[in-house]
Amino acid sequence: MDDFGAVYRTHYDGMIRLAYVITDSMATAEDIVQEAFVELYRRWPTVRDPESWLHTVVVNRSRSWWRRLVVARRHVARGSPPESSPSTEDGAAVRQALLALNRRQRAAVFFRFYLDLPEVAIAEALGCRPGTVKSLLHRALATLREHLDED
Amino acid sequence: MKTESQDDRDERVRAAVRSHIATQPVPPPDLTRIVARAERAFQPRRRSGWVAQVAAAAVAVVVCGTVTAVAVTRPESRNGLAPVVSPDRIPDFARLAGPEVVWPDAVRRLPSELPDGSAYRVADTTDGDDLLVIPDGRAAGPLFLNPDTGAVRAVATASVTDGLNAPRVTTARVTDDRVVWFLQGRREGNTVREAWSVPLAGGEARRLADLPASATAGRVVLAGDAMIWEQYGPGQGQDDVVIRRLPLAGGPITDVPGSRGYWLSTVPGWITSQYPGTPFGEPERTGTLIEVATGQRLKWSANDEMESTVACGPAWCTGWTVGGFAALQDLNGGNYLDLRERGGLNPSLDGRLAIGGIAERWVVWDRGSGRAATIERESPRGGTVGGSFFDRYDSDPRSPVQTWRSPDGAFMMLDLKRLW
Chain A
1 MDDFGAVYRT HYDGMIRLAY VITDSMATAE DIVQEAFVEL YRRWPTVRDP
51 ESWLHTVVVN RSRSWWRRLV VARRHVARGS PPESSPSTED GAAVRQALLA
101 LNRRQRAAVF FRFYLDLPEV AIAEALGCRP GTVKSLLHRA LATLREHLDE
151 D
Chain B
1 MKTESQDDRD ERVRAAVRSH IATQPVPPPD LTRIVARAER AFQPRRRSGW
51 VAQVAAAAVA VVVCGTVTAV AVTRPESRNG LAPVVSPDRI PDFARLAGPE
101 VVWPDAVRRL PSELPDGSAY RVADTTDGDD LLVIPDGRAA GPLFLNPDTG
151 AVRAVATASV TDGLNAPRVT TARVTDDRVV WFLQGRREGN TVREAWSVPL
201 AGGEARRLAD LPASATAGRV VLAGDAMIWE QYGPGQGQDD VVIRRLPLAG
251 GPITDVPGSR GYWLSTVPGW ITSQYPGTPF GEPERTGTLI EVATGQRLKW
301 SANDEMESTV ACGPAWCTGW TVGGFAALQD LNGGNYLDLR ERGGLNPSLD
351 GRLAIGGIAE RWVVWDRGSG RAATIERESP RGGTVGGSFF DRYDSDPRSP
401 VQTWRSPDGA FMMLDLKRLW
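Keeping their order, the protein sequence lines are chains A and B.
According to this note's numbering, the residues represented by the first sequence are 1 to 151, in order.
According to this note's numbering, the residues represented by the second sequence are 1 to 420, in order.
Derived from the structure by calculation, the hints contain no laboratory data.
Just to be clear, a hint being listed does not mean it is correct.
From the structure, some residues in chain B lie toward chain A, with a derived Cβ separation under 10 Å [said to hold, decoys possible]:
#1 R12
#2 R14
#3 Q24
#4 P25
#5 V26
#6 P29
#7 L31
#8 R33
#9 V101
#10 R108
#11 S112
#12 R245
#13 P247
#14 A249
#15 G251
#16 A359
The structure displayed is predicted, hence computed values, not measured ones.
In this text, a Cβ means the ideal position worked out from N, Cα and C, and glycines have one as well.
Extracted from the complex, chain A is given alone in its bound form (with noise of 0.2 Å):
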């Protein structure tokens, strides 16, 4: 388990930062995080490329706690109490320019300027082809220059 430990100590920052670009809440980033981590812990012997692996497994997962936040506020307007939501306090433009991003475009965001991968390899985290990404990433500098360029 020293590997495993290696990986944690070097993705467990970048899969954090992934998960709130996605999400746009830091703890919510550190549950999906840890929960990816827990389960590469235990499917350990059998994930070859555990980077890749993390990717695809902190995207998929947050754009699943989206999804189950429109589930949530659904039963609010039921009246139950208030489940968690991405906070709103900071109003960065830059962050802002990020919240007009689609969760994929932040995704890729994440993985190009960020992480400066290759499109083949955001290709396999996101689960597309390379053409799509590169689609992607040019409707979300598009987006991103409108906003950013507004102040």
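With the hints as your guide, set chain B onto chain A.
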């Protein structure tokens, strides 16, 4: 006047995004917590820090629990235990006594260590006084421990130990007439994983099988006349798993027929189509439980008020309300009950027991009698070998015992088979 080029503007945007992401404060990593969670009972996690809070809870024991009447119907009994569940008897979780008060005959004080000074964990109980324990560290087999005298008796014989180096026991169970255990070690320089068996009455140990890595890497439970465990595939999909089976009488290891996509439930012997962690996609709203020994299949469906995945045993399910409170329901979704307390419970031991953390207390609740107790643990302290070893294994709902270190430092055990 020089105007900014498109490339410069794009790079400025990229730099701003990079900087924004890089400057977000990240919570500190906690590898110990990850490993502890992976090795403990596997249950869906609701929110940051919940498990740690429950594990760390040191709550004062108050007085014996009162019982609140709730108007719900009584389900049919299962597995020869009648009635399995008395859903009209819900304890007051804020006023629970300790297990030594509620079930004095089932609580035992254990030696802090084995005679050789090593730590250990309780793997199973016997019909008599002896416990089956697994020493921490190198051991070729489990030991019988008499907790009153502290005397131990080795189970492994020369057939096991000859040529075996660096052995470690990963699982041990008492069946009707024998002891079965899995071990990992080295023979002639090669890593080996083996299943062994010895009659309870004594005799030479017999090797049942060479095991795959999956048999010694995760949980293993008894299912009728076989030991079963999960074997994961290389993917990350939540259905990329199959249940493997080793007959206790000997014979090849095979897949349990129809078990692809199934996981061990928290009730030994039952497997479930429910993924036990946070779901990859939408929470499952329906599913199937199978009793491996008999092939009995039970369908379940989640009540609409259950916000996330529910966890089912053969008699009832647990889950969470949208407000984060623990809730219960029957397999068909009926008899929904919001416990109005944070935490989560696992069906355990034929589905009659509910074990878990409720309102920051570790609770054992016999849903057959309605009696419940809270286990008050010593606050976690680092550095003690015995303590850390126990802390890792004391709360698995699949275990036939609950073990803990009491506030006065004593190792204690609750024998779940002696609650009724």
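_Please list, smallest to largest, the hint numbers that this structure does not respect._
Result: hints 9, 10, 11, 12, 13, 14, 15, 16 break, sorted rising.
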